[in-house]
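Engineer: So the sequence lines, in the order shown, correspond to chains A and B. Counting from 1, one number per residue, gives the positions in the first sequence under our numbering. Counting from 113, one number per residue, gives the positions in the second sequence under our numbering.
Keep in mind that the hints are not guaranteed to be accurate.
Quick look at which bits of chain A chain B covers, simulated, 3 or more residues with Cβ under 8 Å [to be verified]:
| no. | segment |
| --- | --- |
| 1 | 57-66 |
| 2 | 72-78 |
| 3 | 83-90 |
Pairs of lysine to any residue, SDA-like flavour, derived with a Cα cap of 20 Å [said to hold, decoys possible]:
| no. | chain 1 | residue 1 | chain 2 | residue 2 |
| --- | --- | --- | --- | --- |
| 4 | B | Lys254 | B | Gly181 |
| 5 | A | Lys41 | A | Pro96 |
| 6 | A | Lys41 | B | Ile153 |
| 7 | B | Lys254 | B | Leu240 |
| 8 | A | Lys41 | B | Leu227 |
| 9 | A | Lys41 | A | Thr23 |
| 10 | B | Lys254 | B | Leu226 |
| 11 | A | Lys41 | A | Leu26 |
| 12 | B | Lys254 | B | Leu227 |
| 13 | B | Lys254 | A | Thr62 |
| 14 | A | Lys41 | A | Phe17 |
| 15 | B | Lys254 | A | Glu63 |
| 16 | A | Lys41 | A | Gly14 |
| 17 | A | Lys41 | A | Ser78 |
| 18 | A | Lys41 | B | Ile152 |
Since the hints were derived computationally from the structure, they do not count as laboratory data. Predicted model, so just to flag it, every value in this text is computed and none were measured. Using N, Cα and C, we set each Cβ at its ideal position, and we do this for glycine too.
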Amino acid sequence: MTPVEYLAAALVIGGTFFGLVATVGLLRLPDLYSRLHAASKSDTLGSVLAIAGTATVLGVTTESMKMVFLLLFLFLTSPTAAHAIARAGRAQDVEPVGENAAWDEDEGGETQ
Amino acid sequence: MSDRDPPSAADHTDRDDAAPTDGRLTRPAEDRPPYVESTIIMTTVRVIAPFVLTLGVFVMFHGASSAGGGFQGGVIAATTVVMLGFAFGIEPIAAHLRNEHLAGLVLAGLGTFLLVGFGGYLVGDTFLQVSAYETLFHHGSKYSIELVEVGIGMVVAGVITGLFFLLGTGVDTAREATEPGEEDG
Numbered sequence: 001m002t003p004v005e006y007l008a009a010a011l012v013i014g015g016t017f018f019g020l021v022a023t024v025g026l027l028r029l030p031d032l033y034s035r036l037h038a039a040s041k042s043d044t045l046g047s048v049l050a051i052a053g054t055a056t057v058l059g060v061t062t063e064s065m066k067m068v069f070l071l072l073f074l075f076l077t078s079p080t081a082a083h084a085i086a087r088a089g090r091a092q093d094v095e096p097v098g099e100n101a102a103w104d105e106d107e108g109g110e111t112q
Numbered sequence: 113m114s115d116r117d118p119p120s121a122a123d124h125t126d127r128d129d130a131a132p133t134d135g136r137l138t139r140p141a142e143d144r145p146p147y148v149e150s151t152i153i154m155t156t157v158r159v160i161a162p163f164v165l166t167l168g169v170f171v172m173f174h175g176a177s178s179a180g181g182g183f184q185g186g187v188i189a190a191t192t193v194v195m196l197g198f199a200f201g202i203e204p205i206a207a208h209l210r211n212e213h214l215a216g217l218v219l220a221g222l223g224t225f226l227l228v229g230f231g232g233y234l235v236g237d238t239f240l241q242v243s244a245y246e247t248l249f250h251h252g253s254k255y256s257i258e259l260v261e262v263g264i265g266m267v268v269a270g271v272i273t274g275l276f277f278l279l280g281t282g283v284d285t286a287r288e289a290t291e292p293g294e295e296d297g
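Next comes chain B alone, as it looks inside the complex (with noise of 0.2 Å):
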């Protein structure tokens, strides 16, 4: 797997050629003019990202009391990816932040959500009973809402980095995605 993940530019230019474009939303990396660094987005970017990030977890985690929830903080959280992809390039990032770590955060996403609603069988008799919570801890319903929304956050989150990045490197992400499948069959 980690074979794969430096893909150079000879392989780009070989599989381009033999694939030119049939109705893709985006040019193949070498007909993208070359990415130039600008020192007044990066320095932005460095100051600002933290604070988004934080913004993003706290309207996350504040959602089921005020105003915000699960989706606007997950989309403040991915903004934090979308502009460090702005300021450092977009490959270099989807670099790091691979196809597999996104589908992991949705499905520990998924999961949380599925988890605190099948719970609900276990203490009450409902799906999503959050109400009866409040007799194994104390502010029961109030934390197994915003670990719902928190869940909601992470599919959020990772679902528009996601889509950031397919729009972005178009070509080498869908590729890369079909892959796999290809080769089970």
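Isolated chain A (complex conformation) (with noise of 0.2 Å):
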């Protein structure tokens, strides 16, 4: 193996505990929020790292110009898509869940 396919290796490894890790919160986790705290960030970070050793391995070329463009992408809906989710739950009412979780009443739950 190149030295380069080490780094992809690890890279797509990296992003394979990641992905892990979100699929772990996303179970065990007890409500909306923080199960979308679990999975956005983790999901988000595993799946670029994944992409990036692919495009490591591919080097330069056509697919690996497209995968960069899919990897900014993500970067940028990523997070956006897990504010809408949040804003979407806190909007319906979703309650969350554990010790001291309480909605300020002064806070309107159409805002943000």
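Taking the hints as your guide, dock the two standalone chains into a single complex.
Structural biologist: Structure (structure tokens):
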């Protein structure tokens, strides 16, 4: 294996690890918001690392260029999607679960 | 036709009262919470949408020579409409892109595919024989395959957008689609 392939393998393995973390968080955390917290961040990083690893092993080609574009779009859209889901949950009055978990009464559900 | 374009809220209420929930997927428009704009989502979509559409067309056109193709590119192009729907509300976007336009897009894609397909009979001897196009112009087979990919992409983009509108505005779009059929008998 060449050094580039080692780097690609490390990136893909790192991506898989963060994907696993996101899955565990999604299954084990109690409510919408904490699951979103686990899934959005780890899953973004996981897929971005995996795509970066694939792009690394392909070198400078049309395919790797498409992957770089995908990577940029994922970095922008994934947090926005998480924001949209959390916002929709707040607008629908989805309650958080846990000790001391409550909404601020003076904070409106539909703003932010 | 254009008289029916902006359906009033009162109109909706009357019809939905007449036909209560009968196993449909979405809630009627007045039961849904009012749509509230979000600066973050709108800004992201404004910045990203043109690039995503370009990427979709790029993937569509480069489907023959590298990874990608009509199906993938069509889905990415349709994602643009889905994002606009999430950011600016599905109903206003659906009002701009009416069912007739989407059907036109799908039919144009199908027509493109059939044109290239049956053109094979004219220049060669079988359906979709793209290698025969080489006799007509340089790189004939490559460009005819690209044309097929674009046709597939148009069909996929149109169908995905239509399905998204059907899910998002559910009741309204379904009612609009059934109306002309009932009038025709």
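Engineer: Next, verify each hint and record whether it holds.
Structural biologist: To see whether the hints hold, each was checked on the structure:
1. Against chain B, the segment 57-66 of chain A contributes 4 residues with a C-beta closer than 8 Å to a partner C-beta. That satisfies the three-residue criterion, and the hint holds.
2. Coverage of a stretch by a chain is defined here by at least three residues with a beta carbon nearer than 8 Å to that chain's beta carbons; for the segment 72-78 of chain A and chain B the count is 3, and the condition holds.
3. Restraint check on the segment 83-90 of chain A versus chain B: 3 residues with Cβ-Cβ distances below 8 Å, three needed, restraint holds.
4. This hinted pair checks out: Lys254/B and Gly181/B have alpha carbons roughly 13 Å apart, not beyond 20 Å.
5. Among the hinted pairs, Lys41/A with Pro96/A is consistent with the structure: their alpha-carbon atoms are about 19 Å apart, no more than 20 Å.
6. Note on Lys41/A and Ile153/B: the hinted pairing holds, with a Cα-Cα distance of about 17 Å set against a maximum of 20 Å.
7. The suggested pairing of Lys254/B with Leu240/B holds, with an alpha-carbon distance near 12 Å, which does not exceed 20 Å.
8. Restraint check: the Cα-Cα separation between Lys41/A and Leu227/B comes to about 47 Å, which exceeds 20 Å; the hinted pair is violated.
9. For the given pair, Lys41/A sits about 11 Å from Thr23/A by alpha-carbon distance, which is consistent with the 20 Å threshold.
10. Our distance criterion of 20 Å between C-alpha atoms is met by Lys254/B and Leu226/B, whose separation comes to about 17 Å.
11. As the CA atoms of Lys41/A and Leu26/A are separated by approximately 11 Å, the hinted pair is consistent with the 20 Å bound.
12. At most 20 Å may separate the alpha-carbon atoms for a hinted pair to count; Lys254/B and Leu227/B meet this at roughly 15 Å.
13. A C-alpha spacing of about 17 Å is found between Lys254/B and Thr62/A, which places the hinted pair at or below 20 Å, so the restraint holds.
14. Between Lys41/A and Phe17/A the alpha-carbon distance is near 13 Å, which keeps this suggested pair within the 20 Å criterion.
15. As the CA atoms of Lys254/B and Glu63/A are separated by approximately 19 Å, the hinted pair is consistent with the 20 Å bound.
16. For the hint linking Lys41/A to Gly14/A, the alpha-carbon distance of about 14 Å falls within 20 Å, and the restraint holds.
17. For a cut-off of 20 Å, the pair hint linking Lys41/A to Ser78/A stands: about 8 Å separates their Cα positions.
18. Restraint check for Lys41/A and Ile152/B: satisfied, since their Cα atoms lie roughly 17 Å apart, inside the 20 Å limit.
Comparing the model with each numbered hint stated earlier shows that hint 8 is the single one that does not hold.
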